[in-house]
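S.K.: With chain A held as given, fit chain B onto it using these hints.
There are 2 protein chains.
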Amino acid sequence: MNVLIVLAHPEPQSFNGALFDTAVSTLHEAGHHVATSDLYRMGFNPVSGRHNFTTVKDPAFLKLQVEESHASETHGFALDIEAELQKLEAADVMIWQFPLWWFGLPAILKGWVDRVFAMGRVYGYGHIYDTGRFRDKRALLSLTTGGPAEAYVPGGFNGDLDAILRPIHRGMLQFTGFSVLQPAVHWQPAHVEPAARQDWLDAWAERLRHIEQEAPIEVGQY
Amino acid sequence: MNVLIVLAHPEPQSFNGALFDTAVSTLHEAGHHVATSDLYRMGFNPVSGRHNFTTVKDPAFLKLQVEESHASETHGFALDIEAELQKLEAADVMIWQFPLWWFGLPAILKGWVDRVFAMGRVYGYGHIYDTGRFRDKRALLSLTTGGPAEAYVPGGFNGDLDAILRPIHRGMLQFTGFSVLQPAVHWQPAHVEPAARQDWLDAWAERLRHIEQEAPIEVGQY
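Protein sequence lines correspond, in order, to chains A and B.
So for the first sequence, my numbering puts the first residue at 40; every next one is plus one.
So for the second sequence, my numbering puts the first residue at 40; every next one is plus one.
Heads up, none of these hints are tricks.
Computed cross-link-like contacts, SDA-like style, restricted to lysine to any residue with a CA-CA straight-line distance of at most 20 Å: (1) A:K102 - B:W141; (2) B:K102 - A:Q52; (3) A:K102 - B:R236; (4) B:K96 - B:S111; (5) B:K102 - A:G186; (6) B:K102 - A:S53; (7) B:K102 - A:P233; (8) B:K102 - A:E50; (9) A:K102 - B:F54; (10) B:K102 - A:W141; (11) B:K96 - A:P51; (12) B:K102 - A:E232; (13) B:K126 - B:G159; (14) B:K102 - A:V231; (15) B:K96 - A:E50; (16) B:K96 - A:H230; (17) B:K102 - A:P51; (18) B:K96 - A:S53; (19) A:K102 - B:T184; (20) B:K102 - A:G185.
It should be emphasised that the hints constitute simulated quantities derived from the structure, not laboratory data.
Just so you know, these numbers come straight off a predicted model, no measurement behind them.
Isolated chain A (complex conformation) (with noise of 0.2 Å):
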């Protein structure tokens, strides 16, 4: 299988930089092409812009998915942003790493969503949810808090973890086709004694050795 694997953290000695280790060196030894996106290593910039596109359809307006449109059409994307969409394009599994920021990604996933996926070449013209032009795909969400379990179960202290988590399965990911795997998330690793982190890792690199043969799990809709 392509697999692709986002990194959003900033400090490479971090759980979530572990786990990204872990997953791009088991996966490369179980026999998969691996590639990977460490957004904060490679600079990427988040902010959707202009600077998007090589091409320009409305000078005097800027309606982003009207340029995304034209630029589908014409090659018209920045190499950054190119490089991206062919990692994507490829991957027949996706993983996305990430500390939880304030009940989302960090603002640099959330950009690299927003200027990557873009109309036209990621969805759009009919090709959206079911029909999506990644309907073949399957992405899975790595992630790590600041809170212990408890406290994202319904009525916990900050609540229903898999609703806090729908804008991404269900708004992000199925709405451009995916389909989602059970998301792996990593309770307080900061509180979390070596030992045990390293149970966690192993614990991640065997789930990952059979991830060909996982399952999707339904997402709640609105």
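M.R.: This is chain B only, laid out in the frame that chain A set:
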């Protein structure tokens, strides 16, 4: 009142730009002090990292909450963050003006939250949700959508907008203590004629003239 209006749109001529301009002039004319953060125009960097700070707590390992807490004790925020913190702290009412992108905030605004909502100065140490530092402040989301209103109802094409906005209302605004005002949702302005758009701007201005009296809404918990 002190009002802070944050805009996250790359095109000043957009309907988001018009809503922003209307809010600035209306609230100014009503006698309020209006501060603004036009994030695209400012070239705001939404990527959280060591550049948030002038101080360093741990040079060997970057944990943002540790650095935020340290910076909060030592006046150690970078100038761009300190400026936003002062606007945020002074505000009685905060308005976010943005297009809904991928069921969430544009990255430039998500990263404004990631960087400015700092542990210590903004939340934590017993200040969270009902005990949040900003519990005397109110916040209002003013957003535009690409889809029609009927797509954003329970069971609709995209689903219940209230649930889509919950990570913002609950996880960012109420988390830091804000009371939440009814969001102002402008459906598909790209598909609306200029006369109707002017009616919307007039209605927006009329609402803002009475914003001081508005009561918060209940936000569903998870």
